[in-house]
Amino acid sequence: MNLEGKKVTIHDMCLRDGMHPKRHQISVEEMVTVARAMDDAGMPMIEVTHGDGLGGRSVNYGFPAASDEEYLRAVCGVVNKTKVSALLIPGIGTVDHLKMAADCGIHTIRVATHCTEADVSEQHIGMATEMKLDTVGFLMMAHMIEAEPLVEQLKLMESYGANCVYITDSAGYMLPEHVTERVALARSVLKPETELGFHGHHNLSLGVWNSVAAIEAGANRIDGSIAGLGAGAGNTPLEVLLAVLERMGVITGIDLFKAMDIAEELIVPMMDELVRIDRDALTLGYAGVYSSFLLFAKRAAEKYQLSSRDILMELGRRRTVGGQEDMIEDLALDMAREQGKL
Amino acid sequence: MSEKIKVAIIGPGNIGTDLLMKAMRSEVIEPVWMVGVIPDSPGLARAREMGLKTTAEGVDGMLPTMKEDGVQICFDATSAYVHAENSRKVNAEDAVMIDLTPAAIGPFCVPPVNLAEAVNTKAMNVNMVTCGGQATIPMVAAVSRVQKVNYGEIVATVSSKSAGPGTRKNIDEFTRTTAAGIESVGGAGEGKAIIIINPAEPPLMMRDTIHCLTEEEPDQQAIIDSVNEMIVEVQKYVPGYTLKNGPVFDGNRVSIYMEVEGLGDFLPKYAGNLDIMTAAGLRTAEMYAEEILAGRFVPTAP
Numbered sequence: 123m124n125l126e127g128k129k130v131t132i133h134d135m136c137l138r139d140g141m142h143p144k145r146h147q148i149s150v151e152e153m154v155t156v157a158r159a160m161d162d163a164g165m166p167m168i169e170v171t172h173g174d175g176l177g178g179r180s181v182n183y184g185f186p187a188a189s190d191e192e193y194l195r196a197v198c199g200v201v202n203k204t205k206v207s208a209l210l211i212p213g214i215g216t217v218d219h220l221k222m223a224a225d226c227g228i229h230t231i232r233v234a235t236h237c238t239e240a241d242v243s244e245q246h247i248g249m250a251t252e253m254k255l256d257t258v259g260f261l262m263m264a265h266m267i268e269a270e271p272l273v274e275q276l277k278l279m280e281s282y283g284a285n286c287v288y289i290t291d292s293a294g295y296m297l298p299e300h301v302t303e304r305v306a307l308a309r310s311v312l313k314p315e316t317e318l319g320f321h322g323h324h325n326l327s328l329g330v331w332n333s334v335a336a337i338e339a340g341a342n343r344i345d346g347s348i349a350g351l352g353a354g355a356g357n358t359p360l361e362v363l364l365a366v367l368e369r370m371g372v373i374t375g376i377d378l379f380k381a382m383d384i385a386e387e388l389i390v391p392m393m394d395e396l397v398r399i400d401r402d403a404l405t406l407g408y409a410g411v412y413s414s415f416l417l418f419a420k421r422a423a424e425k426y427q428l429s430s431r432d433i434l435m436e437l438g439r440r441r442t443v444g445g446q447e448d449m450i451e452d453l454a455l456d457m458a459r460e461q462g463k464l
Numbered sequence: 028m029s030e031k032i033k034v035a036i037i038g039p040g041n042i043g044t045d046l047l048m049k050a051m052r053s054e055v056i057e058p059v060w061m062v063g064v065i066p067d068s069p070g071l072a073r074a075r076e077m078g079l080k081t082t083a084e085g086v087d088g089m090l091p092t093m094k095e096d097g098v099q100i101c102f103d104a105t106s107a108y109v110h111a112e113n114s115r116k117v118n119a120e121d122a123v124m125i126d127l128t129p130a131a132i133g134p135f136c137v138p139p140v141n142l143a144e145a146v147n148t149k150a151m152n153v154n155m156v157t158c159g160g161q162a163t164i165p166m167v168a169a170v171s172r173v174q175k176v177n178y179g180e181i182v183a184t185v186s187s188k189s190a191g192p193g194t195r196k197n198i199d200e201f202t203r204t205t206a207a208g209i210e211s212v213g214g215a216g217e218g219k220a221i222i223i224i225n226p227a228e229p230p231l232m233m234r235d236t237i238h239c240l241t242e243e244e245p246d247q248q249a250i251i252d253s254v255n256e257m258i259v260e261v262q263k264y265v266p267g268y269t270l271k272n273g274p275v276f277d278g279n280r281v282s283i284y285m286e287v288e289g290l291g292d293f294l295p296k297y298a299g300n301l302d303i304m305t306a307a308g309l310r311t312a313e314m315y316a317e318e319i320l321a322g323r324f325v326p327t328a329p
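Protein chains in written order, with our numbering: chain A, 123 to 464; chain B, 28 to 329.
Hints listed in this document are in silico derivations from the structure and should not be mistaken for laboratory results.
Incorrect hints may have been included.
Said to hold, decoys possible - Below are the DSS-like pairs computed for lysine-lysine, each with C-alpha atoms no more than 27 Å apart in a straight line:
#1 B/Lys-271 with A/Lys-463
#2 A/Lys-277 with B/Lys-31
#3 A/Lys-221 with B/Lys-188
#4 B/Lys-188 with A/Lys-277
#5 B/Lys-188 with A/Lys-254
#6 A/Lys-463 with A/Lys-313
#7 A/Lys-254 with A/Lys-277
#8 B/Lys-271 with A/Lys-425
#9 B/Lys-271 with A/Lys-420
#10 A/Lys-129 with A/Lys-420
#11 A/Lys-221 with A/Lys-128
#12 A/Lys-129 with A/Lys-313
Claimed, not checked - Covered stretches of chain A, as calculated for chain B (at least 3 residues, CB under 8 Å):
#13 131-139
#14 292-303
#15 360-371
#16 408-417
To be verified - With beta-carbon atoms standing in for the labels, derived distance ranges:
#17 B/Asn-177 with A/Ser-310: 10 to 20 Å
#18 A/Gly-199 with B/Asn-279: 46 to 56 Å
#19 A/Gly-248 with B/Gly-191: 16 to 26 Å
#20 B/Arg-52 with A/Glu-395: 50 to 60 Å
#21 B/Asn-279 with A/Asp-225: 51 to 61 Å
Predicted model only: the values in this text are computed from it and were never measured.
Where a beta carbon is used, it is the ideal one built from N, C-alpha and C, also for glycine.
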């Protein structure tokens with residue numbers, strides 16, 4: 123594999139996907155500290171919002187320590203070169219949230235849907251394009267459909283005006299060959315000027331290598347998070363990816379040692395529990411389950427004296443999609459009843 | 028056969044056709060017009076076969092004769108974008124508009140909660156909120172009539188096949204309108220609505236989760252009783268409205284897990300989300316019709 127001289131844009135998820143393991147409790151001050159350090163390390167992009175995106179504040183997903191607006195205004199106000207993005211999942215957030223985030227000074231909006239439901243994003247992508255934002259279409263749980271229908275959905279987002287589209291392995295389920303096939307097909311079909319991204323999770327410890335496979339197949343934006351702070355076993359650990367990419371001659375513009383220092387000195391100390399491939403996170407990757415279900419399944423298992431692995435396996439069998447956190451307690455109640463525990 | 032109030036259905040799509048099939052069984056209303064915009068639409072053909080007058084010229088195609096055809100109630104099953112115009116036109120012909128789009132220009136109506144109130148105000152336009160609102164607002168109201176609910180949140184999960192192009196193009200209307208209904212009809216201080224579309228095959232039945240945060244500690248038995256009573260009320264027009272789990276009490280959180288199976292008239296049974304909308308719309312129309320038949324209400328142009 124020869125990636126010498128390739129340029130990729132790295133996008134850090136600590137302050138958005140990282141909200142999941144933090145139960146959305148990262149403080150504004152912590153966000154500001156992390157964002158300043160990222161800026162200093164040359165991180166091109168960082169994402170900031172509730173873990174479930176703009177408007178994610180809810181019983182279903184968790185109430186955050188501060189509002190999206192407080193987070194965004196604070197972070198947008200302290201970064202110099204780093205661009206700030208926000209996530210928006212139609213059905214959870216609305217164009218009202220998008221307008222608010224634009225007013226806070228975001229550079230990029232990422233509109234996310236389940237991999238088969240791109241058409242719910244037309245309204246939001248259309249408006250973001252009109253607002254001249256860097257507009258990204260983000261297809262989640264991309265392992266659940268084959269490459270061809272996936273690319274059809276990416277093309278829809280492109281047709282609504284997205285200047286970049288993403289293949290998102292929300293469950294950390296994909297193997298490198300799956301990434302290669304999907305990214306390569308997308309690259310061959312999308313307009314040459316449309317950027318293509320990959321977002322991995324590390325549940326099968328493949329975050330780094332899947333990202334390398336994506337770059338080789340034609341992706342030019344890669345998500346990850348320093349120290350892997352993110353849902354499930356975390357996102358692709360960026361300092362590790364950066365070391366690998368530097369060895370391969372890929373150009374990111376990020377200072378590797380500074381990224382390593384952020385991991386060691388800022389992010390790991392913030393963790394409530396070490397983000398790692400524990401039994402449940404591994405089950406997510408093995409069974410193809412949305413990574414942010416992790417803590418919800420653990421809590422339901424504890425409350426109803428069940429096995430969290432059993433809950434996650436069943437959520438996989440039921441083909442649940444991102445956002446269905448409410449079905450976890452519902453399922454746990456069914457299982458507890460069947461097992462005579464209620 | 029006793030006298031029936033004549034109605035028109037605007038929008039011969041899935042919702043309009045399902046509504047037609049339900050309305051054909053009604054003892055107080057009689058569908059006489061189906062209004063569309065596409066001449067060869069299967070919905071218009073089906074309505075013609077069932078003996079209705081049809082037009083593909085939109086509401087304008089019905090206006091010239093709707094009064095002499097005796098139409099006193101119209102259903103709008105089109106989209107929020109054209110609703111206001113449709114409503115203005117049929118209102119001018121002395122017909123009440125029952126709005127099944129999320130346009131929400133008239134007061135919200137969720138039959139087991141505020142139907143009587145809506146009919147008593149003799150509003151010439153009532154809005155049926157959203158499918159998720161019809162499925163969940165009764166539960167929010169069931170809790171809020173027991174004690175103060177500071178925050179009500181609902182998660183509606185529908186199968187991909189039952190989410191039509193109208194919903195998809197304007198999904199924000201769903202979340203906004205439902206949230207507003209949770210507050211104004213459900214009685215929650217703050218409302219939040221989430222919709223999830225799931226493409227699993229075979230299609231999953233509509234699921235609805237209702238979370239309420241009460242101000243004081245929940246009065247568990249009173250809430251359980253109130254929820255069960257409300258479910259019986261909804262089951263009068265949607266027999267497949269079922270409590271799957273809960274109420275779960277966790278501190279001040281009250282969570283209720285519902286499933287909505289449709290009647291399977293025109294739409295498949297899994298599309299409980301669409302069925303509950305048409306059933307609620309029909310129930311509203313029947314209540315208006317009863318008022319008209321009893322001579323207590325004469326729909327008149329505003």
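Okay, the hints, checked on the actual structure:
Of the supplied pair hints, the one linking B/Lys-271 and A/Lys-463 holds, its CA atoms being roughly 17 Å apart against a limit of 27 Å. Distance restraint check for A/Lys-277 and B/Lys-31: the Cα-Cα separation of roughly 51 Å exceeds the 27 Å cut-off, and the hinted pair is therefore not satisfied. With a C-alpha separation of about 30 Å, the suggested pair A/Lys-221 and B/Lys-188 falls outside the 27 Å cut-off, and the hint is violated. Restraint check: the Cα-Cα separation between B/Lys-188 and A/Lys-277 comes to about 21 Å, which is no more than 27 Å; the hinted pair holds.
Taking the CA atoms of B/Lys-188 and A/Lys-254, the gap is about 33 Å. The hint is violated against a cut of 27 Å. Simply put, A/Lys-463 and A/Lys-313 have alpha-carbon atoms about 56 Å apart, too far for the 27 Å limit, and the pair is violated. Straight-line distance between C-alpha atoms of A/Lys-254 and A/Lys-277 comes to about 20 Å, which keeps the hinted pair within the 27 Å bound. Distance restraint check for B/Lys-271 and A/Lys-425: the Cα-Cα separation of roughly 18 Å lies within the 27 Å cut-off, and the hinted pair is therefore satisfied.
Distance restraint check for B/Lys-271 and A/Lys-420: the Cα-Cα separation of roughly 22 Å lies within the 27 Å cut-off, and the hinted pair is therefore satisfied. A threshold of 27 Å between alpha carbons decides the hint, and for A/Lys-129 with A/Lys-420 the separation of about 40 Å lies outside it, so the pair is violated. As the CA atoms of A/Lys-221 and A/Lys-128 are separated by approximately 35 Å, the hinted pair breaks the 27 Å bound. Of the supplied pair hints, the one linking A/Lys-129 and A/Lys-313 holds, its CA atoms being roughly 19 Å apart against a limit of 27 Å.
Evaluation of the coverage hint for the region 131-139 of chain A: breached, as 0 residues show C-beta separations to chain B shorter than 8 Å, against a requirement of three. Counting residues of the region 292-303 of chain A whose beta-carbon sits less than 8 Å from any beta-carbon of chain B gives 0, not enough to reach three: the coverage restraint is violated. With 0 residues carrying a beta carbon less than 8 Å from a beta carbon of chain B, the region 360-371 of chain A misses the three-residue requirement, and the given coverage is violated. Residues of the region 408-417 of chain A with a Cβ under 8 Å from some Cβ of chain B number 0, which does not satisfy the need for three, so the listed coverage is violated.
For the pair B/Asn-177 and A/Ser-310, the beta carbons lie near 53 Å from each other, so the given range of 10 to 20 Å is not met. A C-beta distance of roughly 35 Å is found between A/Gly-199 and B/Asn-279, which places it outside the suggested range of 46 to 56 Å. A C-beta distance of roughly 19 Å is found between A/Gly-248 and B/Gly-191, which places it inside the suggested range of 16 to 26 Å. Between B/Arg-52 and A/Glu-395, the C-beta spacing of about 58 Å keeps the proposed range 50 to 60 Å intact.
At about 33 Å, the CB distance of B/Asn-279 to A/Asp-225 disagrees with the hint of 51 to 61 Å.
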